[in-house]
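Engineer: Residue numbers (my numbering), protein chains in the order written: chain Z, 1 to 204; chain Y, 205 to 456; chain P, 457 to 679.
I should point out that these hints are in silico values taken from the structure, not numbers from a laboratory.
Some hints could be false.
[Unchecked claim] Quick look at which bits of chain P chain Z covers, simulated, 3 or more residues with Cβ under 8 angstroms:
id, stretch
1, 458-464
2, 506-514
3, 569-579
[Claimed, not checked] Some but not every residue of chain Y turned toward chain P, in silico, with C-beta under 7 angstroms:
id, residue
4, ALA358
5, MET362
6, ILE373
These numbers were taken from a predicted model, which means no experiment stands behind them.
Glycine is no exception: its CB is placed at the ideal position from the N, C-alpha and C atoms.
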Amino acid sequence: MRLEVSDVRVERGGRRVLDGLSFVLAPGNALIVTGPNGAGKSTLLRALAGLLPLAAGRIAIVGADHALPCREVAHYVGHADANKASLTANENLAFWAASLASQQGGRSALQPAEALASSGLQRLADLPVSVLSAGQRRRVALARLLVASRPIWLLDEPMTALDAASQTRLGDQMRRHLDQGGIIVAATHGTLDLSDARHLELRH
Amino acid sequence: MPNIANPTIFLSLVRRVLPWVTALTVALLLVGVYLIFFIAPPDYQQGESVKIMYLHVPAAWLSLFIYIVMSAAALGTLVWRHPLADAAQKAAAPLGAAFTFVCLATGSLWGKPMWGTWWVWDARLTSVLVLFLIYLALIALWEAIEEPGRAARAAAIMTLVGAVNLPIIKFSVDWWNTLHQPASVFRVGGPAIAASMLLPLLVMALAATLLFLTLHMMAIRNEILRRRLRRLTILAAEQSDAPAYAAAEPAR
Amino acid sequence: MGGALAAQFRRELKIARRSGGGASTGAVFFLVLAAIFPFAVGPDLNLLARIGPAILWIAVLLSTLLGLDRLFQADYEDGSLDVMLTGEMPLELIVLVKCAAHWLTTALPLVFVAPLFGLALAQDGAALVRVTLSLLVGTPALTLIGAIGAAATVSLRRGGLLIAVLVLPLTIPVLIFGVSAAGAGLADPVRFAAPFAILCALSLAALAGAPFAVAAALRYGGE
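Pulled out of the complex, with its shape left as it was, chain Z reads as follows:
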């Protein structure tokens, strides 16, 4: 299934943040979005996730059995971690696994414990998230990508707060996702090491 974005315009606070944006992503494609603060990177990801209304244009998933909104086939990992501090890492992921489990056929969904293990967090699995460091919380948030199988990953500054080892690990997971036919749209200030990824630079 392809992700088609045609002529999209998004306004926030009365201001046109995105205008006339178009691109098509096929399975295995990655799009890296760069630009200065306020250029609209987060806005684009939120619009793709269905969290913002479109002032014009459309975002469509083409090629599925029936019309699907992008948000039902996408993982959205924004700036916030979406972890509940009073729950353990395991409990957080178990909830998201149940909540995001799609009926599209869980291709490669991991159990929460396995997802935490593949992120190197197995020993912290049963600790409340409130005692984890910022980097560890970020990794728990990113482990969400593994507990429910969704073809599109929308990542907003995924590498923030991650140390070098975790960044490598995430890069591997992203490459694996692309190899399995997934699509990634990632916003970043720095660089993401994804060969033959397309680039989109947003300006004010």
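Following the hints, position chains Y and P against chain Z.
Structural biologist: This is chains Y and P only, laid out in the frame that chain Z set:
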């Protein structure tokens, strides 16, 4: 037919129309005052003080009418996301509160000679009091949320929920009132309204409606200007942050 | 989707249990509020017996309202709400589950504490039964209507007072019929049935309509 929903076109429309509407309002008010004091008869029981009714009743009608206008604007905000609807909503709330307050105050003044106290908890006055509180709550909501679009959407939902609730509140207040005390009589002057009283009443109602229209147009205009000022301020902050982009900024 | 529903419900209960005192503070607030009234109106048991149901109802109303900003605030701030919107469950259903869990942990305890305090207000057995029933049936309406206010103000940090200001006028019908059912005459079945039925109707109407208003407000709040 020009697209008056466009804020800029609306502003120029207001500039052209406002003087006429204001003049018409003043004229109607003058006619109304004349009718009240020189044509309308005093009540056989209450004397001249019954003439407070000519303020009280139109204010009551307006307080409900303005809520309907506000609800219509709220629908405009939610369905079409139109900034003009946002401004119309926001502008209507204080006006609604003001007319409702006039209704309550004149009701109290009118009733004091009859009741002996400044207030009775009869069904109608109490319902109007609740409406007043709802207006105040909406104004508080408008003030609390900084971003105008988000404030408009939140207020729109509360306005429409309130609109659905108003009949229920009216019904329950009526019920509550008959439960606790016999219905108090709030006669508008006899079993039938004589023509000499009806005409001033209608004129005052029309004048009050036009007064609202005038003030509403002015308030919407002010709100539009306020939002533009805010946007320009934000833009100025952005541009002074990134001097390298100032040259590449496309003309808006 | 049943799995997602159950998971959401379990999560809400877990968080409420571990959030350390949120729900129990509400119960304590109720007791403090109810206890203040006799200080204000005097210890005359006849008077207290007469206004007892009203005191209990007002205290429950305020305790419920002031606990509402916890309903959506945390999920909004830590980004959970955004991710929930990408889930399989429609937001309206998520809202219903959250309100149900909130009612269970915040309002239901009050329904049982209230009649206990009613004993201190010289309420007889029949009156206590009426108070409990009216609260049981009326508090869902309070939670659901309050949720609308909580959702409209979700983007505000200290929205508690504003929620109360927005929601209180809308809960007046529930209060009127609740108090009426709670204290209508002395064991008069006819005078109980009518307001009680209307109270049920109000809660059902809130159940049917509120989730849509709440979901709409939450979506707008996240934009």
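Engineer: Verify the coverage statement for the stretch 506-514 of chain P against chain Z, using a C-beta to C-beta distance below 8 angstroms and requiring 3 or more qualifying residues.
Structural biologist: violated (count 0)
Engineer: Tell me if the interface restraint on Y:ALA358 is satisfied: Cβ within less than 7 angstroms of some Cβ in chain P.
Structural biologist: holds, 4 angstroms
Engineer: Go through the hint on Y:ILE373 and say holds or violated, using the shortest Cβ distance to chain P against 7 angstroms.
Structural biologist: Cβ of Y:ILE373 sits 6 angstroms from chain P, so the hint holds.
Engineer: Taking 8 angstroms as the Cβ threshold, is the statement that the stretch 458-464 of chain P is covered by chain Z upheld or broken by the three-residue rule?
Structural biologist: holds (count 5)
Engineer: Do at least three Cβ atoms from the stretch 569-579 of chain P come closer than 8 angstroms to Cβ atoms of chain Z?
Structural biologist: With 0 residues close enough to chain Z, the hint is violated.
Engineer: Should the hint that Y:MET362 touches chain P count as held when the rule is a Cβ pair under 7 angstroms?
Structural biologist: This interface hint holds because 5 angstroms falls under the 7 angstroms limit.
Checked against the numbered hints above, the structure breaks hints 2, 3 and satisfies the rest.
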